[in-house]
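Participant: Those protein sequence lines, which keep their order, are chains A and B. This note's numbering puts the first residue of the first sequence at 1, with every later residue one more than the last. This note's numbering puts the first residue of the second sequence at 1, with every later residue one more than the last.
By construction, these hints were calculated from the structure, which means they are not laboratory data. One or more of the hints may lead you astray.
[Unchecked claim] If you only want the chain A side, here are some residues facing chain B, beta carbon under 10 Å, derived:
{"#": "1", "residue": "Arg18"}
{"#": "2", "residue": "Thr143"}
{"#": "3", "residue": "Pro193"}
{"#": "4", "residue": "Pro305"}
{"#": "5", "residue": "Gly306"}
Beta carbons: idealized from backbone N, C-alpha and C, even for Gly.
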Amino acid sequence: MKYVDEFRKREEAQGLLRKIREISRREVSIMEICGTHTHSISKYGVREALPPNIRLISGPGCPVCVTSAADVNRLLDFSRSRRDVVIATFGDMMKVPGSSSSLQEEKARGGDIRVVYSPLGALDIAREDTGREVVLFAVGFETTVPTVAATMLAAREEGLKNFSVLSLHKLTPPAMRALMDTGEIDIDGFICPGHVTAIIGAGAYGFLATEYGSPCVVAGFEPIDAIMGIYMLVRQLEEGRKDIEIEYDRVVTWDGNLKAQEVMRSVFEPADSLWRGIGNIPGSGLRIRDEFADMDAEKRFSIPPGEDAEPRGCKCGSVLKGLITPDACPLFAKACTPEFPIGPCMVSSEGTCAAFFKYRRAA
Amino acid sequence: MCLGIPGRIIEINGFVARVDVAGAMKEADLRLMQEARPGDFVIIHAGFAIEKVDEAKARDTLDLIKEIAGK
Numbered sequence: 001m002k003y004v005d006e007f008r009k010r011e012e013a014q015g016l017l018r019k020i021r022e023i024s025r026r027e028v029s030i031m032e033i034c035g036t037h038t039h040s041i042s043k044y045g046v047r048e049a050l051p052p053n054i055r056l057i058s059g060p061g062c063p064v065c066v067t068s069a070a071d072v073n074r075l076l077d078f079s080r081s082r083r084d085v086v087i088a089t090f091g092d093m094m095k096v097p098g099s100s101s102s103l104q105e106e107k108a109r110g111g112d113i114r115v116v117y118s119p120l121g122a123l124d125i126a127r128e129d130t131g132r133e134v135v136l137f138a139v140g141f142e143t144t145v146p147t148v149a150a151t152m153l154a155a156r157e158e159g160l161k162n163f164s165v166l167s168l169h170k171l172t173p174p175a176m177r178a179l180m181d182t183g184e185i186d187i188d189g190f191i192c193p194g195h196v197t198a199i200i201g202a203g204a205y206g207f208l209a210t211e212y213g214s215p216c217v218v219a220g221f222e223p224i225d226a227i228m229g230i231y232m233l234v235r236q237l238e239e240g241r242k243d244i245e246i247e248y249d250r251v252v253t254w255d256g257n258l259k260a261q262e263v264m265r266s267v268f269e270p271a272d273s274l275w276r277g278i279g280n281i282p283g284s285g286l287r288i289r290d291e292f293a294d295m296d297a298e299k300r301f302s303i304p305p306g307e308d309a310e311p312r313g314c315k316c317g318s319v320l321k322g323l324i325t326p327d328a329c330p331l332f333a334k335a336c337t338p339e340f341p342i343g344p345c346m347v348s349s350e351g352t353c354a355a356f357f358k359y360r361r362a363a
Numbered sequence: 001m002c003l004g005i006p007g008r009i010i011e012i013n014g015f016v017a018r019v020d021v022a023g024a025m026k027e028a029d030l031r032l033m034q035e036a037r038p039g040d041f042v043i044i045h046a047g048f049a050i051e052k053v054d055e056a057k058a059r060d061t062l063d064l065i066k067e068i069a070g071k
């Protein structure tokens with residue numbers, strides 16, 4: 001068992017899709033929260049293969065995309081004002097346009113901005129040159145947060161003094177609640193993110209079933225996983241059930257990874273956070289605890305807030321809330337393409353616009 | 001960004017595991033794992049093993065999928 005090819009078989013995919021068509025009667029809207037699901041669904045043409053009464057809506061599940069314009073500008077201002085500092089960040093952040101440039105452009109203008117695959121990569125940089133400050137621009141959901149927290153614990157253990165973190169992390173369940181509370185969109189059920197849930201546990205979605213009457217299925221990321229997740233959710237909706245179910249139970253449990261949760265909690269505490277398109281969501285971000293203030297870049301460099309201005313004409317905010325599909329944005333595939341992106345949803349490899357662009361079906 | 005890939009732990013040295021990911025050798029940090037042993041399949045994300053993969057449950061899921069898809 002390799003846990004990849006087994007979940008990519010065409011025959012099973014077609015069988016499941018046939019079964020979905022067979023049992024589906026109601027008009028339903030299903031939101032897939034996670035950007036990795038959006039890509040899997042687009043890549044394998046799942047959207048088109050579903051009956052027309054099942055609508056799939058992509059949610060705010062790309063950390064780079066939901067980082068507010070104000071925070072993007074703040075990062076750019078910081079990199080411009082502190083050319084002496086090494087900035088480490090994940091690859092997807094590099095091309096996100098702010099009001100006047102991107103990290104990639106700042107790098108071309110002389111900023112020492114380096115892409116890391118793991119937060120441990122930032123630690124390696126700090127270790128190699130202890131005379132320079134290294135700041136990790138940390139974006140990500142609950143899957144990534146424990147890896148940053150573990151890296152900070154390692155830095156402390158090692159006694160590294162030149163490493164700090166700017167925490168722009170976001171939490172998934174508060175955003176799902178905020179989406180339901182806007183009342184702008186009807187969501188009948190959720191496909192929940194497999195790897196976020198591996199950390200937080202499927203129990204975290206209980207409130208969606210009890211308070212909002214929304215069933216949830218936690219699904220894996222291979223195409224068969226995603227289709228099976230949709231099948232399980234459609235079956236619940238047809239039967240009138242409002243349960244939390246786990247399709248991806250080879251990895252996901254009800255309680256999640258308790259060790260990772262403990263690591264995360266020891267370094268971070270919940271705080272309000274600004275989401276692109278949605279605005280401030282109470283308790284949806286994470287700030288670094290006072291015990292780790294020495295590693296909090298925000299305190300260490302007193303980084304002022306950035307300008308809160310969306311790129312002109314960009315509809316990423318509406319795309320992130322599931323109000324429109326990317327092709328409803330006048331810029332999509334015209335002024336805004338992966339090569340010359342205007343909004344973050346086209347930049348990030350997990351962005352909804354990038355998925356729609358990459359896997360566009362010839363009309 | 002929450003992309004995670006499955007790989008099999010070949011050997012463990014302290015906090016670091018050497019993991020076989022579809023034939024390529026990668027390193028994964030084990031600090032987020034309660035316990036892990038050589039032979040275990042784990043999901044790797046951003047340089048860390050974040051959870052084990054349960055083989056018996058994977059087989060059950062596949063059996064269930066085959067049953068539903070074949071009906």
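Participant: Each hint: holds or not?
Facilitator: Hint by hint, here is what the structure shows:
no.: 1; hint: Arg18; in the structure: holds, 8 Å
no.: 2; hint: Thr143; in the structure: holds, 4 Å
no.: 3; hint: Pro193; in the structure: holds, 6 Å
no.: 4; hint: Pro305; in the structure: violated, 24 Å
no.: 5; hint: Gly306; in the structure: violated, 21 Å
Going through the hint list in order, the structure does not satisfy hints 4 and 5.
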